[in-house]
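Chains as they are written, first to last, in my numbering: chain A, 1 to 223; chain B, 1001 to 1259.
By construction, these hints were calculated from the structure, which means they are not laboratory data. Some hints could be false.
In the EDC-like style, the derived pairs of lysine to aspartate or glutamate whose C-alpha atoms are separated by at most 16 Å in a straight line are [claimed, not checked]:
1) Lys-1241/B x Glu-51/A
2) Lys-1098/B x Asp-1166/B
3) Lys-185/A x Glu-31/A
4) Lys-1236/B x Glu-51/A
5) Lys-108/A x Glu-1156/B
Here the structure is a predicted model, which is why all the values come from computation and not from measurement.
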Amino acid sequence: MRLGLPEFVQNPENRCPVILLLDTSASMRGEPMAELNAGLRAFHHQIMTDELASLRIELSIIAFGGEARMVQDFVTMEEEGPPHLEAGGDTPMGAAMDLALRMMESRKAVYRANGIHYYRPWVFLITDGAPTDGQAWQHAAMDMQEADLTGRATFFTVGVQGADMEILSEIASPNRPPLMLRGLKFRDLFQWLSASVRRVSLSRIDGERLMLPPVTGWAEIHP
Amino acid sequence: MSWMAALDYRQGTAHRAAGIPCQDFGRLVQLDEDTVIAALADGAGSARFSHIGARAAVDCALPWLRERLINNRGSRGRLSTLPAATLFDGLVQTVQAKLTQTANDNRHDLRDYACTLALVALSPNEVSAAQIGDGLIVARQVQGDYTLLIAPDHGEYINETSFITDPDAQDHMRISSMQGPIRFVGAATDGLAGVSIDNRKNSPHAPFFAPMDSFARQSTCPGDVHNGIRDFLASKRLAEKSADDLSLMLCGWQGYDSA
Chain A
1 MRLGLPEFVQ NPENRCPVIL LLDTSASMRG EPMAELNAGL RAFHHQIMTD ELASLRIELS
61 IIAFGGEARM VQDFVTMEEE GPPHLEAGGD TPMGAAMDLA LRMMESRKAV YRANGIHYYR
121 PWVFLITDGA PTDGQAWQHA AMDMQEADLT GRATFFTVGV QGADMEILSE IASPNRPPLM
181 LRGLKFRDLF QWLSASVRRV SLSRIDGERL MLPPVTGWAE IHP
Chain B
1001 MSWMAALDYR QGTAHRAAGI PCQDFGRLVQ LDEDTVIAAL ADGAGSARFS HIGARAAVDC
1061 ALPWLRERLI NNRGSRGRLS TLPAATLFDG LVQTVQAKLT QTANDNRHDL RDYACTLALV
1121 ALSPNEVSAA QIGDGLIVAR QVQGDYTLLI APDHGEYINE TSFITDPDAQ DHMRISSMQG
1181 PIRFVGAATD GLAGVSIDNR KNSPHAPFFA PMDSFARQST CPGDVHNGIR DFLASKRLAE
1241 KSADDLSLML CGWQGYDSA
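If we strip away everything but chain A, and leave its shape as in the complex, we get (with noise of 0.2 Å):
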């Protein structure tokens, strides 16, 4: 017999794991750092609107600037507000990719050991630039991509102004192609999450079909 975490015993709902991979490189400097501080606020906020949501959409944050680490781990809602981002560095998406998938299994083990349900989680990588720590970005991608397609994870890329989308396409999943986010519409951005994140942590779904608000409010769909 073994005690479960104090986190679970308070709230035993269901889990949905978001994993944010935020680019934070010297190039996201000024406007679209505070732009991207700021929706990451919203999102919080429109979390924490809705009651049951605050208690089952956990989120983790990546950060990927000068190198890839965990500036927040897996909390709910209720639990923690956003950490403040600095940019600086350069863009080193490959490690921050493994460093998702990792903390994504590790995740769910401790939900299995813990008797918690828990949804599809949600990768989200935003980046202005492109990876910078040579072909490790290649093999990352796979993996990332192959989370997606056996369906471990679902995977979102956006890029912002100055990103390379030919390489987004590639280390986009075949499922979803990379987004253009229209300006610096971090908000809109954030908003269109939370309601995504808040639908699939409500109901249940045909895994295959995701049902998603349109994007077309901060996002050019690229080609």
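Add chain B to chain A, keeping to what the hints say.
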């Protein structure tokens, strides 16, 4: 001696807030003093017209089961001359054919009608059930514990399951039966799974079912059972626990030896 049996369903608070119709549907029919049949369906949140699919699936499956039991009537408290394994032969094809026809008539896609389906038949000495999807069916024999006759069928993810409209629905149909003096049978769609199943043990949560069981068996008529279910599904405390559509069936046997 007879069954005190009823079923009801209710739109979830999240569905109401989002303007999504109730995608649960169910019906229960008492064929005679001894025999009750019921069907519950839960439409997929991702399917456009799953509320129509759920209703159509139930309205097709229940008369089908009735015919099947009448044509293969059992004796001495048994439901049917057919064993449970063959009682439900043809269910998937029949319901899929009906849903396909409805979809064609309305120029919809069959997958627009995606829903789960649970079918239950019970007599004082036997309960048989079939299910495609993530509902749950619980039974108790005289002086026995609550048993998950059919557990929710979901894969790794709690919100992904099989639907009667899936091409491989037949492969995902679970069939189960229990023989002996049956005293209680309960069934629910996945909206109640969180409060009625002990996830760690994957078994029915007795504190959930025991009061329902004694309530049903002590009711004076099925209408009282129905009112009890309706009030329960509408209760604020339940809404705090589940925002999903909710369906619940309760059947308690009132006999001389009730226990």
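**Prompt:** Taking each numbered hint in turn, which are not upheld by the structure, reported in ascending numerical order?
**Reply:** none
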